[in-house]
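Student: Let the hints inform the model, and build the full structure from the sequences given.
Protein chains in written order, with my numbering: chain A, 1 to 384; chain B, 385 to 753.
Hints may contain errors.
[Claimed, not checked] Derived DSS-like pairs: lysine-lysine, alpha-carbon spacing no greater than 27 angstroms straight-line:
no., chain 1, residue 1, chain 2, residue 2
1, A, Lys-169, A, Lys-97
2, A, Lys-97, B, Lys-548
3, A, Lys-97, B, Lys-551
Derived from the structure by calculation, the hints contain no laboratory data.
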Amino acid sequence: MDILKVLHDLVFDYTLRTVALGAGTLGIASGALGSFAMLRRQSLLGDAMSHAALPGIVLAFLLTRAKTPLVLMAGAILAGWLATLFMMSLLRTTRLKQDSVLGFILSVFFGFGLMLLTFVQRLPDARQAGLDRFLFGQAATLLERDVITMAALGGVALLAVLAFWKEFKLLSFDPEFGASLGFSMNVLDVILTTLLVIAIVIGLQAVGVVLMSAMVVAPAAAARQWSDRLGVMVVLASAFGMLAGVSGAVLSSTVPHLSTGPTIVLVISAIVLFSFTFATSRGLLWAGLRRLRQRQWLQMEGVLRDLYLLARQHDDSQHPHSQAVLQAMNPGRAGIAHTLNVLAQRGLVRREENGEWSLSTEGARQAQERIENETQDTTMEGTS
Amino acid sequence: MSPAQVEIQLIAAITAAACALPGVFLILRRMAMMSDAISHTVLLGIVVGFFITKDLTSPYLVLGAALTGVLTVSLVELVHRTRLVREDAAVGLVFPALFSIAVLLISRYAGDVHLDTDAVLLGELAFAPFNRFAPFGSDIGPIALYLMGGILLINLFFISLFYKELKLATFDAGLAASLGFAPWLIHYGLMALVSITAVGAFDTVGSVLVVALMVAPPMSAYLLTDRLSRMIALSVAIGVVNAILGYWLAHLLDASIAGSMASMAGITFGVIYLLAPERGLVALARRRARQRWEFAMTMLAIHLFNHEGLPEASQENREEHLSQEVRWAPDFAARVVSRTVEQGWVQRQEGSLNLTELGRQRAKQAIAG
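Tutor: Below you can see the structure in the form of structure tokens.
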């Protein structure tokens with residue numbers, strides 16, 4: 001595809017611009033709020049909340065007969081909030097575990113919403129048309145006024161996160177300490193959950209119930225790999241969410257038969273996969289390399305040490321020994337020849353003319369140092 | 385009732401029973417959300433199976449779906465084992481991705497086939513009687529009835545055959561492993577059951593509501609009993625009742641049957657949550673109230689016992705004195721006193737209170753602990 005053409009369309013094509021702006025907004029909001037959810041081990045709460053919003057949307061329509069985004073979103077937020085309260089009460093008063101309660105809330109609320117929705121759809125009232133796009137999301141049907149509502153709600157949610165930054169940080173990492181400082185953790189919990197519900201409701205119209213839960217979990221999971229600082233993580237998660245939203249919108253507009261919601265989810269899943277693999281310090285690739293190097297170093301150290309211990313029996317720390325002797329000291333161990341060659345390249349051992357191996361001056365010094373360190377302070381071993 | 389109505393209720397009841405069986409173990413093994421994940425990802429198995437067989441009624445689709453269910457579980461475990469994210473986040477990452485792939489495959493390559501996302505997510509039980517099962521030309525009922533009946537039998541067979549193993553692996557996985565059972569085999573077997581059940585059921589009730597059928601009845605049963613066998617029986621019974629009541633609710637409102645069944649499951653759970661004999665909210669509140677009275681009565685008995693036979697007793701055992709001494713509100717104090725009198729712990733004599741032999745015993749018991 002032509003990049004310039006895409007950029008041009010992004011600015012001037014009404015549909016694409018609206019969809020991209022909407023998807024970007026939902027990505028930013030869900031990324032930021034999802035980070036807190038993830039740190040508080042509530043990743044699947046988003047899943048439950050997004051399903052629980054459905055009856056709220058339909059009830060709001062039934063009561064007001066209005067389809068203004070703000071009214072429907074208010075209904076959704078109320079339902080999500082009720083669901084959270086019900087969940088907390090179940091967890092407090094019964095022995096049911098969190099996963100059961102989440103599954104119950106998500107399926108029963110959704111079923112109730114579905115019952116209401118089908119009930120409404122059979123009423124002789126044409127105004128209900130289009131309510132069902134909250135189920136699966138239809139980004140292509142987003143209108144400018146939808147996007148304005150989304151942006152306004154998202155902006156409020158982000159401002160609230162900024163205003164309560166310090167408090168939310170306490171809530172996420174050390175609620176007991178926060179409570180001892182005099183903050184009411186219950187109130188903060190309710191505020192943060194409400195904000196999460198808002199972020200989810202923003203996205204429902206665009207990507208639908210099922211895929212919205214991915215937008216809460218995935219940006220945060222990707223961002224978590226790159227930083228241990230909350231601020232960096234929240235900003236990164238928002239950026240990933242926005243990137244996925246906009247590029248999903250662009251991709252689905254350029255490739256035929258590619259619905260926006262699933263495309264956005266696949267883009268964010270790709271970002272997660274990339275982050276899992278390549279993220280500095282936590283990434284699987286670097287961790288694998290590190291493990292490989294550690295293993296190599298352990299083997300080299302073992303051979304150096306064996307050579308040193310053998311040589312010490314001869315009053316000469318550089319007395320040569322054959323590879324067979326080394327092998328005999330480590331029965332069943334493979335790769336000694338390779339390790340010896342690597343050591344030779346580093347100038348720590350040398351190969352005598354008769355094929356035996358001896359330590360160089362530097363090798364002897366290092367081996368001696370190791371052994372002395374070990375006997376002085378065995379507790380250091382694990383940390384080096 | 386028309387024959388179609390009977391058939392729909394029969395299918396609903398059998399589906400509910402088939403879902404409740406593996407659901408019990410999901411609840412006990414803290415894996416309820418796995419049913420949500422699996423019920424979505426089996427769609428991928430069906431789509432891929434369809435591309436291979438080109439036939440939507442092929443039994444291989446069920447096999448494909450079961451495999452995707454197991455694949456989902458192993459992917460979640462793989463992601464979790466990297467220790468980069470917690471298990472719940474791993475679930476939330478894996479299933480939307482697989483589900484998205486399935487949805488995109490359908491919309492891109494199977495747009496003209498009867499395999500649309502709405503039907504899969506929501507299901508339509510009302511249409512189930514239209515698909516007849518007619519081997520050798522004789523109509524013997526709807527296909528869904530035989531499909532779900534078969535799945536119910538498979539579930540029953542697996543659970544009764546491996547009842548002991550499932551029980552042990554659920555409540556004490558360590559012991560099960562040390563005795564030589566393979567907990568992972570049981571685990572994956574169970575996940576395969578969940579997948580097969582989800583595939584069979586989502587045709588009729590839709591994938592989200594499969595979760596309601598799997599989770600809600602066992603949760604209700606869990607509030608009623610501590611015995612596994614009873615929990616299984618109760619779950620099946622509650623599921624069947626929900627299905628039938630849900631059907632009539634839908635009939636009344638002219639709404640989605642699956643949605644009404646899930647709503648009914650919610651209502652049943654709500655009633656049980658409120659009224660369960662030992663764990664219900666009402667029982668909880670009554671137990672707390674009773675404990676409060678018992679505590680107060682024992683306090684009074686101890687107070688009187690401590691001062692019995694001492695010079696200050698005539699002062700300490702007066703009813704008015706209680707509100708100062710133990711800081712009870714006067715009317716509360718009066719009610720505690722009248723309760724102790726009723727129970728025969730205390731006798732009133734001209735405004736002062738004296739312990740009976742029974743009251744003295746109670747006080748001594750409480751002090752001795």
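Student: All the hints need checking, so say for each whether the structure fits it.
Tutor: Tested hints:
For the suggested pair A:Lys-169 and A:Lys-97, the alpha carbons sit about 26 angstroms apart, so the restraint of at most 27 angstroms is met. Restraint check: the Cα-Cα separation between A:Lys-97 and B:Lys-548 comes to about 23 angstroms, which is no more than 27 angstroms; the hinted pair holds. Of the pairs offered as hints, the one joining A:Lys-97 and B:Lys-551 holds, with about 18 angstroms between alpha carbons and a cut-off of 27 angstroms not exceeded.
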